[in-house]
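In order, the protein sequence lines correspond to chains A and B.
Residue numbering for the first sequence follows my numbering, beginning at 1 and increasing consecutively.
Residue numbering for the second sequence follows my numbering, beginning at 1 and increasing consecutively.
Treat the hints as calculated values from the structure; they're not laboratory data.
You may find that some hints are simply not true.
As a list, the in silico BS3-like pairs of lysine-lysine whose alpha-carbon atoms are at most 25 Å apart [stated by the list, open to error]:
# : chain 1 : residue 1 : chain 2 : residue 2
1 : A       : 42        : B       : 19
2 : A       : 59        : A       : 112
3 : B       : 41        : A       : 42
4 : B       : 19        : A       : 108
5 : A       : 79        : A       : 108
6 : A       : 68        : A       : 57
Here are some chain B residues the structure puts well away from chain A; computed CB gaps all over 10 Å [unchecked claim]:
# : residue
7 : 8
8 : 51
9 : 102
Here's a subset of chain B near chain A, in silico, CB distances under 8 Å, partners left out [as the list claims (entries may be wrong)]:
#  : residue
10 : 41
11 : 46
12 : 56
13 : 60
14 : 90
15 : 101
16 : 103
17 : 104
18 : 106
Being a predicted model, the structure only gives us computed values, none of them experimental.
Every residue gets a Cβ at the ideal spot worked out from N, C-alpha and C, and that includes glycine.
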Amino acid sequence: EDQVTQSPEALRLQEGESSSLNCSYTVSGLRGLFWYRQDPGKGPEFLFTLYSAGEEKEKERLKATLTKKESFLHITAPKPEDSATYLCAVQASYGGSQGNLIFGKGTKLSVKP
Amino acid sequence: ETGVTQTPRHLVMGMTNKKSLKCEQHLGHNAMYWYKQSAKKPLELMFVYNFKEQTENNSVPSRFSPECPNSSHLFLHLHTLQPEDSALYLCASSPGGGSYEQYFGPGTRLTVT
Chain A
1 EDQVTQSPEA
11 LRLQEGESSS
21 LNCSYTVSGL
31 RGLFWYRQDP
41 GKGPEFLFTL
51 YSAGEEKEKE
61 RLKATLTKKE
71 SFLHITAPKP
81 EDSATYLCAV
91 QASYGGSQGN
101 LIFGKGTKLS
111 VKP
Chain B
1 ETGVTQTPRH
11 LVMGMTNKKS
21 LKCEQHLGHN
31 AMYWYKQSAK
41 KPLELMFVYN
51 FKEQTENNSV
61 PSRFSPECPN
71 SSHLFLHLHT
81 LQPEDSALYL
91 CASSPGGGSY
101 EQYFGPGTRL
111 TVT
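So that you can see chain A by itself, here it is in the shape it has in the complex:
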C-alpha cells in the first residue's frame, strides 16, 4: 500500500536554529514527491517537486532533497514567518492510486523570535 509518514509531528525552533523535516514513503514506482506549505485556515501552497533520488531544490531558506526511501526539507536559519505546517505528498507511477497525490499528516513548525 502506498503511504507517506512525516516526522516529527511538531517542531519548535528558535529563530536562526536550522533543522530538518522528514518524509518517508512507500510507493508503487515514484512519479514525483511534492512539498507544500499550509498556513492556518488556508489551502496548501506548492513549494517543490522532486522526481529522482539525488535531486535537490532550493527556495530561500528551504532546501528539499530526495533519496529512494525518504525526502528531507532542510530549513536554514528559520524566521518566525516560516511557521506553518509542511506537507509531503507522493505520486505513484502505477497501482491503484496511480496519478493521485498521497499526503502525509504534516509537520507543524513553530519558529520563535
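Using the hints provided, position chain B relative to the given structure of chain A.
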C-alpha cells in the same frame, strides 16, 4: 481573480440542508480535484475530474455529489450531511499531461450542526 478560488469560505449548515461549494480555477488547467481535510488526518482525495470527466470517486458517500460543467469550474453539492462531515474542503487543479503539481484554493470551512 488569479489561481484557484473557492466560495463560500465558511459555511454552517444543518443536517437537513442542501448547499453547494463552488471552485473556479484561472490557470488554464485540465484537471480538478476535491479534497477533505480533517484535524490530525492526511488530506483525503474525494473526486478527480480530467477534461470534465470524472476519473476518480474515492468511495465517497452519496450525500456528496460533484459536478464539473467545464474545465474551469467544479462544484460539490451537499445534502443530508452528518456532523462528522465538518472539515475543510479543498479544491485543487493541475495542468494534466506531464505536469503533476496541484494548486490549491483557500478552502471552505464547513460546519454541520
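* Earlier hints that do not hold, by number -> 4, 9, 11 and 13
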